[in-house]
Amino acid sequence: MLSLERRGVDSRLMRYGSPVLALVLTVVTGFLVFLLLDRDPVEGLRYFFITPISDRHGWAELGLKMAPLLLCAAGLTVCYRAKLWNIGAEGHFLMGAVGASIVALQFSESTGFWVLPLVLLGGVVCGALWSMIAALLKTHFHCNEILTTIMLNYIALNLLLFAVHGPLKDPFGFSFPQSAMFADSALLPMLIPGTRLHIGLLFALLAAVAVGVIFSRTFIGFQLKVLGEDPQAAAFAGFPQKRLVWFAFLVAGGLAGLAGASEVTGPIGQLVPQVSPGYGYTAIIVVFLGRMQAVGIILGSALLALTFLGGEMMQIAMNLPKAMTGLFQGLLLFYLLTCDAFIHYRLRWNAKAAKPVAPASAANTTLAGQER
Amino acid sequence: MRLFKKLALVAALVLPMQAFAEDPMKVGFVYVGPVGDHGWSYQHDQGRLALEEHFGDKVQTTYVENVSEGADAERTIRKLAQAGNDIIFTTSFGFMNPTARVAKEYPDKTFLHATGYKRSENMGTYLSTTYEGRYVSGTAAGMVTKTNKLGFIASFPIPEVIRDINATFLAARKINPDVELKVVWVSTWFDPAKEADAANTLMDQGVDVIIQHTDSPAAMLAAEKRGIWAVGQASDMSRFGPEAHLLSVVDDWAPYYIQTVQQVMDGTWKSEDYWGGIHEGDIKIASISDRLTDEQRKKIDDTIEAIGNGSLHPFTGPLKDQSGKLRVPEGKDMTKEELAGMNWYVEGMTSTLPK
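Quick mapping for you: the protein sequence lines, in order, are chains A and B. Going by this note's numbering, the first sequence opens with residue 73, and the numbers climb by one from there. Going by this note's numbering, the second sequence opens with residue 9, and the numbers climb by one from there.
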């Protein structure tokens with residue numbers, strides 16, 4: 073009889089090694105998939121992982137795709153370290169996009185340098201306000217934040233749709249659901265001229281570093297970690313639990329709101345219903361892939377951005393279906409979770425039925441268990 | 009650094025291969041949905057395949073499916089241009105501004121955007137006059153309904169959809185003055201679950217013919233299950249509802265794609281706002297149900313013919329809006345410009361248009 077047995081101590085090496093191992097296994101499996109499809113696997117992997125970043129434009133596009141993922145992931149890291157399972161980055165993101173658009177459309181005639189900061193601030197504030205709803209429900213009504221944030225995502229989406237169909241609709245746009253194009257003064261400056269990469273990537277990198285500093289250098293970071301590890305200990309120590317929850321949610325909301333603002337003032341230049349292809353959800357994968365560390369989420373967001381670009385490249389160059397993107401992302405997650413499972417547990421062959429694993433740790437099998 | 013050298017080497021190997029393959033005319037397509045949606049994107053892909061069949065090795069086509077209408081679209085369109093495509097068709101409204109931006113960067117390439125309104129020297133727009141097909145389905149629906157309630161699953165309140173709702177209602181009302189048309193807005197072009205929900209909501213309200221302006225066959229499947237009628241959209245959906253299927257309004261993009269690519273090859277293409285319908289062969293009525301009586305069939309065939317030969321225009325005056333204001337005077341047909349900006353329901357519609 074096979075059984076999983078909890079390991080005494082998790083291997084530190086393997087905890088950080090498992091994303092790398094997962095990537096290697098993904099590449100190997102991808103190789104086999106191409107063989108099965110009767111395509112040249114070397115060519116396929118090259119198109120997926122290398123061609124998208126083989127020139128300046130490619131790197132710029134990678135950075136462009138990374139920025140919103142990383143901003144959302146940085147905010148979520150603060151929540152997840154404290155074991156606050158905020159699934160609402162998507163909603164914060166959308167509200168940020170709406171907030172920035174409201175401000176940007178007020179200043180469609182202005183050319184002042186102050187327009188852009190105001191627009192971005194609009195995004196941050198709207199994202200943060202949106203996250204406050206879930207924070208309030210958690211601290212004052214003990215609502216489960218997983219449920220409230222997911223539901224708030226749908227409400228945010230419908231508010232966005234209301235905005236583009238109603239008050240923010242381009243009056244000269246034949247009633248198509250999108251806003252007017254923003255004035256140049258409300259658009260983010262480019263980081264690399266001639267590409268679409270804007271300074272939003274700098275915001276994202278800064279945010280990731282700041283989150284790293286919070287957890288390695290500050291008292292509030294320590295308090296958040298304690299709250300995550302053992303809420304009772306945090307209470308004994310007299311940490312202000314409610315304030316910590318609010319802090320985590322506000323940071324997550326503000327950063328995701330900034331991500332939304334950077335999308336509408338960056339590559340899109342107007343508010344459209346499809347402003348997010350699910351960045352807020354993908355960011356959750358980034359956080360776990362990146363082991364809730366600053367460097368980790370930077371690399372994780374780059375890797376996930378690359379899978380999007382690679383999937384596109386394979387469609388264009390090899391006429392393979394879009395499903396290849398999902399396949400690679402799925403493989404990556406599957407192997408990561410599998411590796412994590414084997415870091416926390418070892419496989420045992422018992423003659424008799426094994427004693428069940430202690431239920432407390434069974435609840436934290438893979439994702440939640442890695443922060444002990 | 010070794011990695012970078014390798015990358016540079018790979019780039020050096022890959023890029024020229026793409027640049028030299030110039031012989032066939034390369035045509036790229038950007039789809040908003042999956043090619044397997046059995047609706048909008050599927051039909052565009054059928055048009056692409058017809059293009060390959062017609063021109064053989066004189067063309068080489070590529071498509072990218074499921075492209076988000078947000079920030080990703082511009083990159084996809086630009087990549088297709090960089091990969092050497094001479095003509096790029098972007099087949100959803102949300103691709104308008106991204107297409108316009110890339111078209112500006114590549115003045116020697118031809119860009120065609122479906123359903124939009126921005127044009128330039130090297131960017132044209134095209135549209136199929138689906139309202140003609142809707143008029144036929146409205147006629148059929150008005151004849152077969154027993155509850156006098158028709159249901160319309162609508163995506164977004166843009167002129168194209170409003171036009172189609174009006175055409176459906178005008179035709180149904182003409183043949184059956186007691187008819188009522190209920191509209192459910194689902195705010196999506198493709199979401200089988202939402203579309204099925206909308207279909208069930210409509211059926212719960214007593215609707216016995218469902219017409220959809222969304223792309224999946226979910227509503228057809230739901231109608232089949234509950235034994236009522238449904239009209240297929242974009243592609244022939246008869247196989248999803250052998251009993252329920254009344255007829256399908258099929259977008260056939262092949263004639264337009266073949267004609268346009270030929271024009272670009274000959275150097276005669278000019279940027280324009282192309283509209284094609286039953287007359288041009290861009291709209292076809294497919295698989296009319298054999299459960300209809302001969303009389304009903306004849307009425308449908310006559311309507312198709314009358315629209316095809318121009319003797320019937322779905323929007324001929326007098327036409328009033330819901331407030332009773334005269335919008336189109338007696339004896340006048342609505343112009344293309346008026347149709348392109350239609351944002352009002354015709355008189356008799358009971359629901360209100362979302363603002």
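No lab work stands behind these hints, which were simulated from the structure alone. Note that the structure is a prediction, hence the values are computed from the model and not measured. The beta carbon of each residue, even a glycine, is placed where N, CA and C say it ideally should be. Please note: incorrect hints may appear among the correct ones.
[Said to hold, decoys possible] Examples of chain A residues toward chain B, derived with CB under 10 Å: (1) Gly184; (2) His237; (3) Leu240; (4) Glu384; (5) Ala413.
[Claimed, not checked] In silico BS3-like links for lysine-lysine, alpha-carbon gap of 30 Å or less: (6) Lys202(B) to Lys241(A); (7) Lys314(A) to Lys155(A); (8) Lys394(A) to Lys126(B); (9) Lys241(A) to Lys112(B); (10) Lys241(A) to Lys66(B); (11) Lys394(A) to Lys66(B); (12) Lys241(A) to Lys233(B); (13) Lys297(A) to Lys394(A); (14) Lys394(A) to Lys344(B); (15) Lys292(B) to Lys190(B); (16) Lys233(B) to Lys306(B); (17) Lys306(B) to Lys292(B); (18) Lys306(B) to Lys182(B); (19) Lys182(B) to Lys66(B); (20) Lys292(B) to Lys241(A); (21) Lys154(B) to Lys292(B).
[Stated by the list, open to error] So the derived label-pair ranges between C-beta atoms look like this: (22) Pro243(A) to Asp281(B): 19 to 29 Å; (23) Glu313(B) to Leu107(A): 33 to 43 Å; (24) Pro189(A) to Arg247(B): 33 to 43 Å; (25) Leu361(B) to Phe414(A): 36 to 46 Å; (26) Ser279(B) to Gly398(A): 36 to 46 Å; (27) Leu190(A) to Pro115(B): 33 to 43 Å; (28) Met73(A) to Ala58(B): 51 to 61 Å; (29) Gly318(B) to Leu107(A): 17 to 27 Å; (30) Pro115(B) to Phe406(A): 53 to 63 Å; (31) Ile227(A) to Gly349(B): 48 to 58 Å; (32) Glu251(B) to Met86(A): 44 to 54 Å; (33) Ile227(A) to Glu61(B): 42 to 52 Å.
Against the structure, the hints:
For Gly184(A), the suggested interface contact is broken, since its CB lies about 25 Å from the closest CB of chain B, more than 10 Å. Satisfaction of the interface hint for His237(A) is found here, the shortest Cβ-Cβ separation to chain B being roughly 6 Å, below the 10 Å cut-off. Proximity of Leu240(A) to chain B is violated relative to the hint, the smallest CB-CB distance being about 12 Å (cut-off 10 Å). Interface restraint check for Glu384(A): the shortest CB-CB distance to chain B comes to about 6 Å, inside 10 Å, so the restraint holds.
The beta carbon of Ala413(A) is not positioned within 10 Å of any beta carbon in chain B (closest approach about 31 Å), and the interface hint is therefore violated. As the CA atoms of Lys202(B) and Lys241(A) are separated by approximately 24 Å, the hinted pair is consistent with the 30 Å bound. The suggested pairing of Lys314(A) with Lys155(A) holds, with an alpha-carbon distance near 14 Å, which does not exceed 30 Å. A hinted pair counts as satisfied when its Cα atoms are at most 30 Å apart, and Lys394(A) with Lys126(B) qualifies at roughly 28 Å.
Between Lys241(A) and Lys112(B) the CA atoms are separated by roughly 25 Å; this keeps the pair inside 30 Å, and the hint holds. With a C-alpha separation of about 43 Å, the suggested pairing of Lys241(A) with Lys66(B) is violated against the 30 Å cut-off. A C-alpha spacing of about 26 Å is found between Lys394(A) and Lys66(B), which places the hinted pair at or below 30 Å, so the restraint holds. Restraint check: the Cα-Cα separation between Lys241(A) and Lys233(B) comes to about 39 Å, which exceeds 30 Å; the hinted pair is violated.
For the given pair, Lys297(A) sits about 40 Å from Lys394(A) by alpha-carbon distance, which is inconsistent with the 30 Å threshold. Using a Cα cut-off of 30 Å, the hinted pair Lys394(A) and Lys344(B) is violated, with the two alpha carbons roughly 37 Å apart. Proximity of Lys292(B) to Lys190(B) is assessed by CA-CA distance (about 25 Å); at most 30 Å being required, the pair is judged to hold. Between the alpha carbons of Lys233(B) and Lys306(B) the distance comes to roughly 28 Å, so the proposed pair stays at or under 30 Å and holds.
A hinted pair counts as satisfied when its Cα atoms are at most 30 Å apart, and Lys306(B) with Lys292(B) qualifies at roughly 16 Å. Proximity of Lys306(B) to Lys182(B) is assessed by CA-CA distance (about 16 Å); at most 30 Å being required, the pair is judged to hold. For the suggested pair Lys182(B) and Lys66(B), the alpha carbons sit about 48 Å apart, so the restraint of at most 30 Å is broken. Taken as a hint, the Lys292(B) and Lys241(A) pair is broken in the structure, with Cα atoms around 34 Å apart against an allowance of 30 Å.
Of the pairs offered as hints, the one joining Lys154(B) and Lys292(B) holds, with about 26 Å between alpha carbons and a cut-off of 30 Å not exceeded. Restraint check, Pro243(A) to Asp281(B): a C-beta distance of roughly 21 Å satisfies the suggested window 19 to 29 Å. At roughly 55 Å, the beta-carbon separation of Glu313(B) and Leu107(A) lies outside the given 33 to 43 Å, and the hint is violated. One distance hint, 33 to 43 Å for the beta-carbon pair Pro189(A) and Arg247(B), is violated here, with the actual separation near 57 Å.
Between Leu361(B) and Phe414(A) the C-beta distance comes to about 58 Å, which lies outside the given range of 36 to 46 Å. Hint check: Ser279(B) to Gly398(A), Cβ distance near 37 Å, so the stated range 36 to 46 Å holds. Range check, Leu190(A) to Pro115(B): about 36 Å between beta-carbon atoms, so the 33 to 43 Å window is met. Hint check: Met73(A) to Ala58(B), Cβ distance near 59 Å, so the stated range 51 to 61 Å holds.
For Gly318(B) and Leu107(A), the hinted distance range of 17 to 27 Å is not satisfied, since their beta carbons lie about 57 Å from each other. Taking the beta carbon of each, Pro115(B) and Phe406(A) are about 46 Å apart, not inside 53 to 63 Å as hinted. A beta carbon spacing of about 32 Å between Ile227(A) and Gly349(B) contradicts the range 48 to 58 Å that was offered as a hint. Between Glu251(B) and Met86(A) the beta carbon distance is about 59 Å. The supplied range of 44 to 54 Å is therefore violated.
The hinted range of 42 to 52 Å is satisfied by Ile227(A) and Glu61(B), whose Cβ atoms lie roughly 48 Å apart.
This entry does not satisfy hints 1, 3, 5, 10, 12, 13, 14, 19, 20, 23, 24, 25, 29, 30, 31 and 32, going by the numbered hints stated previously.
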